[in-house]
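Visitor: These protein sequence lines map, in sequence, to chains X and B.
Position 519 of the first sequence, counting from 1, maps to 519 under the working numbering, and the rest follow consecutively.
Position 12 of the second sequence, counting from 1, maps to 12 under the working numbering, and the rest follow consecutively.
By construction, these hints were calculated from the structure, which means they are not laboratory data.
Please read all numbers here as calculations on a predicted model, not as lab measurements.
Worth double-checking, as some hints may not be accurate.
[Said to hold, decoys possible] Listed next, the in silico DSSO-like pairs over lysine-lysine satisfying Cα-Cα at most 27 Å (straight line): (1) K336/B to K319/B; (2) K147/B to K85/B; (3) K336/X to K222/B; (4) K225/X to K336/B; (5) K12/B to K552/B; (6) K336/X to K283/B; (7) K222/X to K147/B.
[As the list claims (entries may be wrong)] Pairwise CB distance ranges (calculated): (8) A245/B to M1/X: 37 to 45 Å; (9) P55/X to A592/B: 24 to 32 Å; (10) M1/X to R454/B: 32 to 40 Å; (11) E88/B to G252/X: 40 to 48 Å.
Don't be surprised by glycine CBs; every beta carbon is placed ideally from N, CA and C.
2 protein chains.
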Amino acid sequence: MPIYQAPTRDTKFILNEVLRLESFAHLPGFESATTDLTDAVIEEAARFCEEVAAPLNLSGDAEGCTRHPDGSVSTPAGFREAFGKYREGGWGALSVPEAQGGQGLPHVMGFVFEEYLAAANQSFAMYPGLTNGAIAAITVAGSDTLKAKYLPKMVAGEWLGTMNLTEPHCGTDLGLIRTRAVPQLDGSYAITGTKIFISAGEHDLTDNIIHLVLAKTPGAPKSSKGISLFLVPKVMVNEDGTLGARNAVSCGAIEHKMGIHGNATCVMNYDGATGWMVGPENKGLAAMFVMMNAARLGVGLQGVAQGEVAYQNGASYAKERRQGRALTGSADPTQKADPLIVHPDVRRMLMDAKATIEGLRALALWLGLQVDLAHAAATAEERAAADDMIGLLTPVIKGYGSDRGYAVATDMQQIWGGHGYIVENGMDQFVRDARIAMIYEGANGVQAMDLVGRKLGGNGGRAIAAFFAEVDAECAGAPEGLTAIAGKVAKANGELKAATLWLMQNAQGHPNNAGAGAYAYMTITGIVALGLMWLRMGKVAAAGLASGEGDKAFYEAKLITARYYAERFLPDAGALRRKIEAGAEAMMALPAEAFG
Amino acid sequence: MPIYQAPTRDTKFILNEVLRLESFAHLPGFESATTDLTDAVIEEAARFCEEVAAPLNLSGDAEGCTRHPDGSVSTPAGFREAFGKYREGGWGALSVPEAQGGQGLPHVMGFVFEEYLAAANQSFAMYPGLTNGAIAAITVAGSDTLKAKYLPKMVAGEWLGTMNLTEPHCGTDLGLIRTRAVPQLDGSYAITGTKIFISAGEHDLTDNIIHLVLAKTPGAPKSSKGISLFLVPKVMVNEDGTLGARNAVSCGAIEHKMGIHGNATCVMNYDGATGWMVGPENKGLAAMFVMMNAARLGVGLQGVAQGEVAYQNGASYAKERRQGRALTGSADPTQKADPLIVHPDVRRMLMDAKATIEGLRALALWLGLQVDLAHAAATAEERAAADDMIGLLTPVIKGYGSDRGYAVATDMQQIWGGHGYIVENGMDQFVRDARIAMIYEGANGVQAMDLVGRKLGGNGGRAIAAFFAEVDAECAGAPEGLTAIAGKVAKANGELKAATLWLMQNAQGHPNNAGAGAYAYMTITGIVALGLMWLRMGKVAAAGLASGEGDKAFYEAKLITARYYAERFLPDAGALRRKIEAGAEAMMALPAEAFG
Chain X
1 MPIYQAPTRD TKFILNEVLR LESFAHLPGF ESATTDLTDA VIEEAARFCE EVAAPLNLSG
61 DAEGCTRHPD GSVSTPAGFR EAFGKYREGG WGALSVPEAQ GGQGLPHVMG FVFEEYLAAA
121 NQSFAMYPGL TNGAIAAITV AGSDTLKAKY LPKMVAGEWL GTMNLTEPHC GTDLGLIRTR
181 AVPQLDGSYA ITGTKIFISA GEHDLTDNII HLVLAKTPGA PKSSKGISLF LVPKVMVNED
241 GTLGARNAVS CGAIEHKMGI HGNATCVMNY DGATGWMVGP ENKGLAAMFV MMNAARLGVG
301 LQGVAQGEVA YQNGASYAKE RRQGRALTGS ADPTQKADPL IVHPDVRRML MDAKATIEGL
361 RALALWLGLQ VDLAHAAATA EERAAADDMI GLLTPVIKGY GSDRGYAVAT DMQQIWGGHG
421 YIVENGMDQF VRDARIAMIY EGANGVQAMD LVGRKLGGNG GRAIAAFFAE VDAECAGAPE
481 GLTAIAGKVA KANGELKAAT LWLMQNAQGH PNNAGAGAYA YMTITGIVAL GLMWLRMGKV
541 AAAGLASGEG DKAFYEAKLI TARYYAERFL PDAGALRRKI EAGAEAMMAL PAEAFG
Chain B
1 MPIYQAPTRD TKFILNEVLR LESFAHLPGF ESATTDLTDA VIEEAARFCE EVAAPLNLSG
61 DAEGCTRHPD GSVSTPAGFR EAFGKYREGG WGALSVPEAQ GGQGLPHVMG FVFEEYLAAA
121 NQSFAMYPGL TNGAIAAITV AGSDTLKAKY LPKMVAGEWL GTMNLTEPHC GTDLGLIRTR
181 AVPQLDGSYA ITGTKIFISA GEHDLTDNII HLVLAKTPGA PKSSKGISLF LVPKVMVNED
241 GTLGARNAVS CGAIEHKMGI HGNATCVMNY DGATGWMVGP ENKGLAAMFV MMNAARLGVG
301 LQGVAQGEVA YQNGASYAKE RRQGRALTGS ADPTQKADPL IVHPDVRRML MDAKATIEGL
361 RALALWLGLQ VDLAHAAATA EERAAADDMI GLLTPVIKGY GSDRGYAVAT DMQQIWGGHG
421 YIVENGMDQF VRDARIAMIY EGANGVQAMD LVGRKLGGNG GRAIAAFFAE VDAECAGAPE
481 GLTAIAGKVA KANGELKAAT LWLMQNAQGH PNNAGAGAYA YMTITGIVAL GLMWLRMGKV
541 AAAGLASGEG DKAFYEAKLI TARYYAERFL PDAGALRRKI EAGAEAMMAL PAEAFG
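Next up, chain X with everything else stripped away, as it sits in the complex (with noise of 0.2 Å):
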């Protein structure tokens, strides 16, 4: 059965040594964010992780849901136990308020304890992972009878919230969308509809389900500007709080899918569904997005997530299976034959595994502190300069991470041979559950749209001229020994915003060249916050070489991790650079004919 050991000491050195999470102890919610804290914190979270969700990984490929002739669903053995001890712990609850009955920790730790579940167990962590953004969407927008009705239970992790925006003839294009809201007499809605793709959208883990669910009200504005969002529960709530009726919500269907077998992917089927709209008519998407920004940066977790468990399964194959000798004479004479890692081309598969994954860790846990920032931050400057930070790298998180984790999961099974291939052996997993975080919310394609067309020229380019401004300042501040990846660094900024100004330049005139330049632009994006993770996490490591404490070995392989990421990462941003500056017209030559 593949292993999975939480990267704790990874976590507590960008926590601890890089982001320094006690500097910030002035700020609200940071309070009681002590290193001791946190520490344990992640020592127990890797605790559950590690025993009670990883266990159940493979199995629950194997297994998948069961959908019972009433429309109810089976999930797979072991998951509605595990599932008691993850609410026992708190676990959905880490970052949540304590005024709103949850444990008060910084959105940092949250992002910490999303990244094991999701390694440990993907489907697994998809049953409670859209809960969280349900809750915020919920306290930004729903009335306060809303509130005081569902979001108790939710943070308790008795109650789960699921996200309904796609149906069958519209994802991406929401403006679309078919599924009805009439209002009725008492205030609610009768909703009807289907939805599809709905994850977790019917299981048995919990007592009753949220579903929030974009609608149109009867006479509302085609396009996007003609949305709005309802709260329907799956069991209507009493005045008292007890359960009543089953509402009008049924899934109709799971879907039989590449992978994330354990997770229930359902049809769902609103016929006449009593819901209540969240926030105001016409507005949906507006509160539907602050779900949807924290659902992408789990995303980008997933990517972190499943790039680390195949990375470790990658590397213990690699040092104990045996085949070949090392090119420089048998590393092991005593053996018929070295362990696989003595290989050049393993090692290579192997670096780029870890500089990617170390790096998009320490970039994911960055934007953790931006969202808390984004809150609490002394100053309003500050705030708007973390929420651009945010917006401008949460597509990047979501798309570069998931394009990396496939990546890196693809590698790790290549590793394996013809053994990486064979299921039981849990590789093939790895790949096929890490593919879905390349489609699911916003199709990576549609991500980077959202970085060129929407979030790059947003404030007059404020958010990527305070990005350039942050790499510039870490490459001139490069301590003495760092100074050649920082050469590195600069030069693939200067690459990024060589493209920058192509764009400006050439698309305002010519949209088709920014959506031909975007996905490069994008990945670009991500090598670039990836090398300026590495200048960090190098400098840390450099000074604690220099201060003779601590853990030599973690900082050397930093140190030696940096350089590799500089030397075989970097140079791609020259060429995405020059694809970008290619434009649209090749691209958009043809005649539809001309394709298939």
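Chain X is fixed; fit chain B onto it per the hints.
Guide: Showing chain B alone in chain X's frame:
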């Protein structure tokens, strides 16, 4: 259900206009290969693959193979009937000389059919897939008795062949194999051991299966210098050619795999099975390499094939599915949304696919022609030159071809969004099936080492020098209108030359530098080789347009795609060269404990 239409127009373009097959009519083996005949064979091949093999692809994936308690194996419904038609059509012996009972067409025609069949149904294609290689190995190294007894039935498709190398503890490192072959008084050998991952090791398509098995004779040298090759029939063959008793070889299990579910991947148990040596003792690898080289070219074709069929289904969805509006304004205001194909990022994936697949097809068929020329060209020099090019580019078409096939399949699944993740739509099968081509017949990292460690320096670097010269000549001779593309190809070729020089200067004393750069080197070579192909195709298309005859839209698409390839693929060569020049230092610096 997914569609598949064999790309006959493109095949004919390559054979008739780019390779100009008729110009070789004076050579032995080409006499009958008139355009009339080859065009007719192409159409017949398309019909068989579209009408017989393709309809069983999705159902074969869903059903898989079944091993019964007696060790027999049932293939998916319809496979047996389809194979009957395959045998009747003589498809297995297309390129086998008429003297041996085949159809006597050039090998390149066999390549055409291999691509179509693997695209239509890779699992099905793999049943007869290794038989031609087995025929070649027996023809080259087998005794006259073995040839007379086995080849006619194999050529006729009545018996199929398999390749038995891998054992549980060794795949790439064949020196470690443990299967024993003990000589018997009658000149046969008793073979004992376990082989795994044996494609089509057992099935119900034919009465007999001819296994080619690597084993060690008593006292054979350890290492790969002590391996012999044996022919082991599933059912003993009497002197009169009728079938006798079952041999002591049986299928112990079939694997559960990520993909190619319709093909039975078997654990084969040899319990003192009777076999006959093929070729000299301890020289079994040489004979097996005849088979393996054919198999590697076939795997490269699988990359083309899975990319092609995925592309067709990606393109068809992009033209039908409506979502969002073109960035330049509604492309189809009569509908509520425009088709996906108006979006540049969808186009990007389609153009990437088109440029990749058509380029790889040209490369594969050019290599197929080299296989013919290596046998039939008029002079020893020409034959050696063809052989050099096959040796050099076999690892490239296998490694780069399968990498790109997987990438294209993944992109085409991406176009389908969430619907691409649903098994019934078939897009995920293309990804899962394409994945194996990167692993089997020598994992792609092994191909890269074969290229850099063996092929590059062979005969004083004669092959790569010839390749450089061929690219340079094509660039120098580019007509007006193609000079921009030629300039980019020449630049990429320059990067490849620089990388070659760096390896010559830095890998001799430091072999890890070769290992560290091998994969990137293989990839640049693939990129440049496709650049060469696009230049050639572009040249023919430009001439066709100038002539005013032929299919104008087709030629225009070729020219646009050549330009797109140059703009969007060739820039990577420089980035890859820089990665090679980074060397092995950072890659190999960390101790094994630093991983995982």
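Visitor: Give a verdict on every hint.
Guide: Evaluation of the provided hints:
1. K336/B to K319/B: With Cα atoms ~15 Å apart, K336/B and K319/B stay inside 27 Å; holds.
2. K147/B to K85/B: holds, 25 Å
3. K336/X to K222/B: The hint holds at about 10 Å.
4. K225/X to K336/B: Measuring from Cα to Cα gives roughly 15 Å; hence the hint holds.
5. K12/B to K552/B: Satisfied, since the Cα-Cα distance of roughly 15 Å is no more than 27 Å.
6. K336/X to K283/B: holds, 21 Å
7. K222/X to K147/B: Roughly 74 Å between the alpha carbons, so the hint for K222/X and K147/B is violated.
8. A245/B to M1/X: 37 to 45 Å: Between A245/B and M1/X, where Cβ atoms are some 42 Å apart, the hint holds.
9. P55/X to A592/B: 24 to 32 Å: holds, 26 Å
10. M1/X to R454/B: 32 to 40 Å: About 38 Å separates the Cβ atoms of M1/X and R454/B, which means 32 to 40 Å holds.
11. E88/B to G252/X: 40 to 48 Å: Given about 46 Å between the Cβ atoms, the range holds.
The structure fails to meet hint 7 from the earlier list, while all remaining hints are met.
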